[in-house]
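Peer 1: Mind docking chain F with the ligands on chain W? Use the hints.
Residue numbers (my numbering), protein chains in the order written: chain W, 967 to 1570; chain F, 6 to 325.
To be clear, the hints were calculated from the coordinates, so they are not data collected in a lab.
C-beta atoms are modelled at their ideal positions from N, C-alpha and C, and glycine is treated no differently.
Among the clues, some could well be false.
[Claimed, not checked] With a cut-off of at most 27 Å between alpha-carbon atoms, the simulated DSSO-like pairs for lysine-lysine come out as follows:
| hint | chain 1 | residue 1 | chain 2 | residue 2 |
| --- | --- | --- | --- | --- |
| 1 | W | Lys1478 | F | Lys150 |
| 2 | W | Lys1566 | W | Lys1454 |
| 3 | F | Lys291 | W | Lys1478 |
| 4 | F | Lys13 | W | Lys1470 |
| 5 | W | Lys1270 | F | Lys306 |
| 6 | F | Lys7 | W | Lys1470 |
| 7 | W | Lys1270 | F | Lys291 |
| 8 | W | Lys1513 | W | Lys1566 |
| 9 | W | Lys1447 | W | Lys1569 |
| 10 | W | Lys1454 | W | Lys1513 |
| 11 | W | Lys1469 | F | Lys291 |
| 12 | F | Lys194 | F | Lys155 |
| 13 | F | Lys200 | W | Lys1447 |
| 14 | W | Lys1470 | F | Lys9 |
| 15 | W | Lys1513 | W | Lys1478 |
| 16 | W | Lys1270 | W | Lys1117 |
| 17 | W | Lys1454 | F | Lys245 |
| 18 | F | Lys245 | W | Lys1447 |
| 19 | W | Lys1133 | W | Lys1270 |
| 20 | W | Lys1469 | F | Lys164 |
| 21 | W | Lys1470 | F | Lys245 |
| 22 | W | Lys1454 | F | Lys209 |
| 23 | F | Lys150 | F | Lys200 |
| 24 | F | Lys306 | W | Lys1469 |
| 25 | W | Lys1469 | F | Lys150 |
| 26 | W | Lys1525 | W | Lys1454 |
[To be verified] To give an idea of the interface, some chain F residues facing chain W are shown, with a C-beta separation under 7 Å as derived from the structure:
| hint | residue |
| --- | --- |
| 27 | Met62 |
| 28 | Ser90 |
| 29 | Leu93 |
| 30 | Met171 |
| 31 | Arg293 |
[Unchecked claim] Each pair of labels, with its calculated beta carbon distance range:
| hint | chain 1 | residue 1 | chain 2 | residue 2 | range |
| --- | --- | --- | --- | --- | --- |
| 32 | F | Asn285 | W | Asn1500 | 55 to 61 Å |
| 33 | F | Glu82 | W | His1097 | 32 to 38 Å |
| 34 | F | Arg125 | W | Gly1506 | 55 to 61 Å |
| 35 | F | Ser252 | W | Asp1459 | 27 to 33 Å |
| 36 | F | Ser205 | W | Leu1132 | 42 to 48 Å |
| 37 | F | Asn285 | W | Asp1459 | 55 to 61 Å |
| 38 | W | Glu1126 | F | Asn241 | 54 to 60 Å |
| 39 | W | Gly1269 | F | Arg125 | 38 to 44 Å |
| 40 | F | Asp33 | W | Gly1506 | 49 to 55 Å |
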Amino acid sequence: MENCCQASGTAEVYTAVTEACKQLGINVRIKPISCVGACNQVPLIDVATTDGNIYRYPNIKPDEVKEILLHHFRPASKLRRLRNAILNQIDTFHTDQTWDNILWTPEKERTQKINSFLDGQYRISTEGYGHLNPLDIDEYTSLGGFDALRKALTEMSREEVIDEVLKSGIRGRGGGGFPTGRKWQLVADSDSNKKKYVICNGDEGDPGAFMDRILLESYPLRVIEGLTIAAYAVGADEGIFYIRAEYPQAVIRIRKALDMCRKNGMLGERILGTDFSFDIRVFEGAGAFVCGEETALIASIEGKRGFPHLRPPYPAQSGLFGRPTLINNVETLSQISYIIRHGAEEYTKVGTEGSRGTKVFALAGKVNHGGLIEVPMGTTLRQIVDNIGGGVEGGEALKAIQTGGPSGGCIPAELCDAEVDFDALNKMGAIMGSGGLVVLSESSCMVDVARYFLNFTSDESCGKCTFCRVGIRRMLEILDKLSTGNAKMEDIDRLEELANSIKKSALCGLGKTAPNPVLSTLRYFRNEYEEHVNGICRTGSCKNMVKLEITDDCVGCTKCARSCPAEAIDYTPYEKHVIKTDKCTQCGLCIDECDYDAIKKVKR
Amino acid sequence: MKIKVNGKEIDVTGQNTLIEELRNIGYDIPSLCYDSGASHQASCMVCMVKNVANGQMIPSCSTFPQEGMNIETDTEEVLSLRRMSLELLLSDHRADCEAPCTVVCPARIDVAQVILHYDRGDKDKAYSLLASATDIDNLPCKDCKAPCEKACRRGTVDKCVSVRDMMMVLAEAKDLRVVEAKSVANVSKDVFSSKLGRYSDAEKEWLKEVYSQPSRCLHCACEGRDKCKLRQFSTNAGIKAPRYGVSSHQIVKEQIHVKGSLYFEPAKCIRCGLCVYNTNDGFTFKHRGFDMQVVIPEESKNNVDEKIADICPTGALFTV
Ligand SMILES: Cc1cc2nc3c(=O)[nH]c(=O)nc-3n(C[C@H](O)[C@H](O)[C@H](O)COP(=O)(O)O)c2cc1C
Ligand code: SF4
Ligand code: SF4
Ligand code: SF4
Ligand code: FES
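Just chain F, same shape as in the assembly:
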């Protein structure tokens, strides 16, 4: 069977979906709710292409080629609709890609990650990460005005985390071993970064209660950001900030322990459904309309494989 793609005729068997055919001939089509090989249902619409033959916008991930199709993949119309779908998803996404402390650190220390290792009890890793970023014997924090503390989100809740003191204590703890520790932060201006915005009063109370470890750090940085396709495609689409005011019904910074090292953070979930369709009696949908959520019922947690985090296109499912 022959179809037209951006004016050129190509041969297709009709057995593969459009997105596979297009990717095969070198077009870079984004996809969030589709992962080749996994069961899925079209929902995100970032893979949209236009069939000029009937004027319809179609999700290429779920459409099979048909005789007479005339596909456009990168006209302004297509690209702007794809961009809008990302913007809409981001407007229901109250999360930080990067922690504000890391973003502002003049010494380029991944502050948030250091504290995260520290809070998880892995002091070696915390120390090593710090050491890899700066001259540990001559810690720049000593003479720094600590913009990290001014930027700290905890500061908007009650009092900021004492970042500087923490770094200094770590630097002086000479008994720690040097281990492999890498930062995954990307604070480049060219990379899209989702920003959480303000907490409501109720959220502040909730955060105080839940994030009560000694450092009091809220661990703003997204723990799935190294694999996050939402961020990647938003960067590719040139999105700087979502155009629509961010509002969401999801609870901010709620991290649900699923099983083993697997966690679920609903506020980052784009409801693509991949985790629902690819677990047996695991994740499931709840409610409809704007309230529609993906949830993991307590009794289903054991039915989930930790590998599911790999197909989640966002940081909503991550392993630690």
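Next up, chain W with everything else stripped away, as it sits in the complex:
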């Protein structure tokens, strides 16, 4: 029951369940659980019966709750039930037809849709998915939680912990893919007389991304455990959760979880009775995308303006307040306890040679089942779309997959058999990024996609450097020209020149990667850019580019006017009709309707 889930009505359903149980006198344990990832299926209830079966009801509404409960549980007494039925006349009799979205078929079939979503996933960061209560420290402990911390603190030296992480091959999930063990080593090796910091980067500003928020909200204890192990390994005594202020639920959960850890001796003085002392505080970030960049993040904690600065010096040498600082992403840290608990060898069994472990993605776009997924590295992009995502929405053909959000690129369908792997994605001009994965179908316009992301980076650049502040804006202007049909062929070359120059010359990661959406679409879909110069947007997404016009072939039959849902066609029978461009939504219904082929898309 995360923030987004509550927005879909989970909270209301929770209240309804609680009340219905009271009302019906049913004695069950009601447990709010962590994110199940299946965003288009929520609110969702699992009913676990004493015979060990689990029945799952997706997409329910509060008024359906009672019926579900009655289906499974006997109310306290027949009498009470009778009274209830009389008191509450609108209680429907539960038949198989009552719910259009719940199928009263055996559990296996009924949840098949969800199961195919779950098959092929592998849970490390989201272990305990679907049954773990985020803030139940006893439950977390009983499932192996804090074993890793105990093992690290009592059985392993700092060097051994770092060594284990090095051997696991895990690379940072915040976007860059830097080997985590090496980063820990650097911080551990830097001046040991100085105070050191560890920071968990929970800024997550990519549009559409919510992986880290879910991890913070659903598995706060796991992330805390990871950060504490990191602190032990590098010799830090203060930790900071940098969480964007727009994630209030994550902030609350992490704060509560931190309190629990302190009470249970997992944080504070002499953790677990060892001589390692460490504590963590929460810093709420103001929410600029650029503050996710590590040097800007540090500046922001120091109370300065969120400007990135040139590296070197890296935070590992001189970070927060000039002290050696380890910054890791939420997801990176959430994999640490698994590595320590099961050993690096076990971890390396998952994933590919160059990219170990799993990756959490926010699967979105034109896909049947979107949501939060965790897959082993090495899964192909096509498997993700077809098997987990249930294919492209509306049965359309896959055109491309966009990974890495505003810093990433589009991978065309013919390359989607590529594996999820840092290096493989880089080679194709995309990046792993922090985990946005957007499915694009044949009805997606690639110029429009590129424009969307550049619009974002143009606003979100910190504005300090020339190439980023002005250069991206100039790129955006060319894209605007393209999408309104006002560009010339030379503009595409200028766009490319700008993109390559910005990529080379920008100071920080934001600027260096901002041209990627353009470069990758130019690389694979240059013909679409050229079409736009010629005034064609084949998908019709660039609506400002064309207008519909009725030609002289019109016989004045009025059929088009009657089909137009926007009432944008002026007509006098037997005279040529006219389309009012300002009202027309370019749905194209009239084109299909006209028997004389008299309606054409023309350049504005």
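Peer 2: Structure of chain F with the ligands alone, referenced to chain W:
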């Protein structure tokens, strides 16, 4: 420590930034957002060099030499990227280096400067400048077709400034003293000149309201042009006109009085940040993205020293 620069090995201590080392051995590396001795953060990128060892373009003003570096300072790749950074800055720079009237004057009178002195109430200076440029008793303006008036930007707002009449009145005012007055105009074709372009309708209204002194002159010429590095480096880079259409969110010709003789004209600011990092609680940044601006809050004006104009690499901060 040894590093390579353009193929030659040089000895460096590692204590100075690359730009200092390079300048020490005679390379002329431009810099806008860096001024030796002042606090700064790399932003303009005109000081870029390439480290061939890792293929990266780096701002030399903020990078310290490292073992194994192999620096290129003047390959076409480096020079064209530096040029592009200047062009991008100029595309967000709606300002005239020189006033159009001065540029077209066949008698080479610094018309704009004469009017500026006149409007500021320094008639002696106005007179002297005019006298230094022409034969004041035989003023060429008398028989001139006055291209200055045709070029006058005020003409695109409502009506041009009556330049000729003004010059003649000045020439005849024999009671004025001759004082030291020099023109800083440089209308040579070899020197880069930023051009403002057209005013929007809203800007015209605004200009009418703000520039309402008797002459109605808009004082197009940039008052910081004698010290402007942006113009100097653009000239060195061979830029004639920016390749990118000029568009900016800054208000054109807005001159904010900061303190004493110090003025701030945001439309000319390249957001290098030098004035921000080198005043205490003075200039500050506002907004982000393309909208990012440098501003001077009213309550901070007193915290600024007039000398700050010296480190501003453009005419955005100037003293009168
Ligand atoms: C513009 C920009 C935004 C970033 N945003 C995030 C973010 O939201 N979360 C994150 O963990 N890393 C982000 N990063 C990457 C961080 O700078 C840093 O590399 C990362 O937190 C390191 O953690 P890791 O090694 O575990 O990946 C961003 C980088 C850039 C350039
Ligand atoms: S490259 Fe862009 S985001 Fe990065 S520091 Fe420069 S202006 Fe800011
Ligand atoms: S600031 Fe420099 S480039 Fe701009 S108008 Fe003034 S002199 Fe010209
Ligand atoms: S006013 Fe001058 S010093 Fe200040 S940021 Fe602008 S250009 Fe730089
Ligand atoms: S002078 Fe080096 S970045 Fe501006």
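Peer 1: Confirm or reject each hint.
Peer 2: Consistency of the hints with the structure:
no.	hint	in the structure
1	W:Lys1478 - F:Lys150	54 Å, violated
2	W:Lys1566 - W:Lys1454	23 Å, holds
3	F:Lys291 - W:Lys1478	23 Å, holds
4	F:Lys13 - W:Lys1470	24 Å, holds
5	W:Lys1270 - F:Lys306	21 Å, holds
6	F:Lys7 - W:Lys1470	26 Å, holds
7	W:Lys1270 - F:Lys291	13 Å, holds
8	W:Lys1513 - W:Lys1566	8 Å, holds
9	W:Lys1447 - W:Lys1569	13 Å, holds
10	W:Lys1454 - W:Lys1513	19 Å, holds
11	W:Lys1469 - F:Lys291	25 Å, holds
12	F:Lys194 - F:Lys155	20 Å, holds
13	F:Lys200 - W:Lys1447	24 Å, holds
14	W:Lys1470 - F:Lys9	21 Å, holds
15	W:Lys1513 - W:Lys1478	37 Å, violated
16	W:Lys1270 - W:Lys1117	39 Å, violated
17	W:Lys1454 - F:Lys245	23 Å, holds
18	F:Lys245 - W:Lys1447	25 Å, holds
19	W:Lys1133 - W:Lys1270	37 Å, violated
20	W:Lys1469 - F:Lys164	47 Å, violated
21	W:Lys1470 - F:Lys245	24 Å, holds
22	W:Lys1454 - F:Lys209	31 Å, violated
23	F:Lys150 - F:Lys200	24 Å, holds
24	F:Lys306 - W:Lys1469	38 Å, violated
25	W:Lys1469 - F:Lys150	52 Å, violated
26	W:Lys1525 - W:Lys1454	37 Å, violated
27	Met62	5 Å, holds
28	Ser90	5 Å, holds
29	Leu93	4 Å, holds
30	Met171	39 Å, violated
31	Arg293	5 Å, holds
32	F:Asn285 - W:Asn1500: 55 to 61 Å	57 Å, holds
33	F:Glu82 - W:His1097: 32 to 38 Å	57 Å, violated
34	F:Arg125 - W:Gly1506: 55 to 61 Å	60 Å, holds
35	F:Ser252 - W:Asp1459: 27 to 33 Å	20 Å, violated
36	F:Ser205 - W:Leu1132: 42 to 48 Å	60 Å, violated
37	F:Asn285 - W:Asp1459: 55 to 61 Å	47 Å, violated
38	W:Glu1126 - F:Asn241: 54 to 60 Å	58 Å, holds
39	W:Gly1269 - F:Arg125: 38 to 44 Å	43 Å, holds
40	F:Asp33 - W:Gly1506: 49 to 55 Å	54 Å, holds
The structure fails hints 1, 15, 16, 19, 20, 22, 24, 25, 26, 30, 33, 35, 36 and 37 (numbered hints given earlier, in ascending order).
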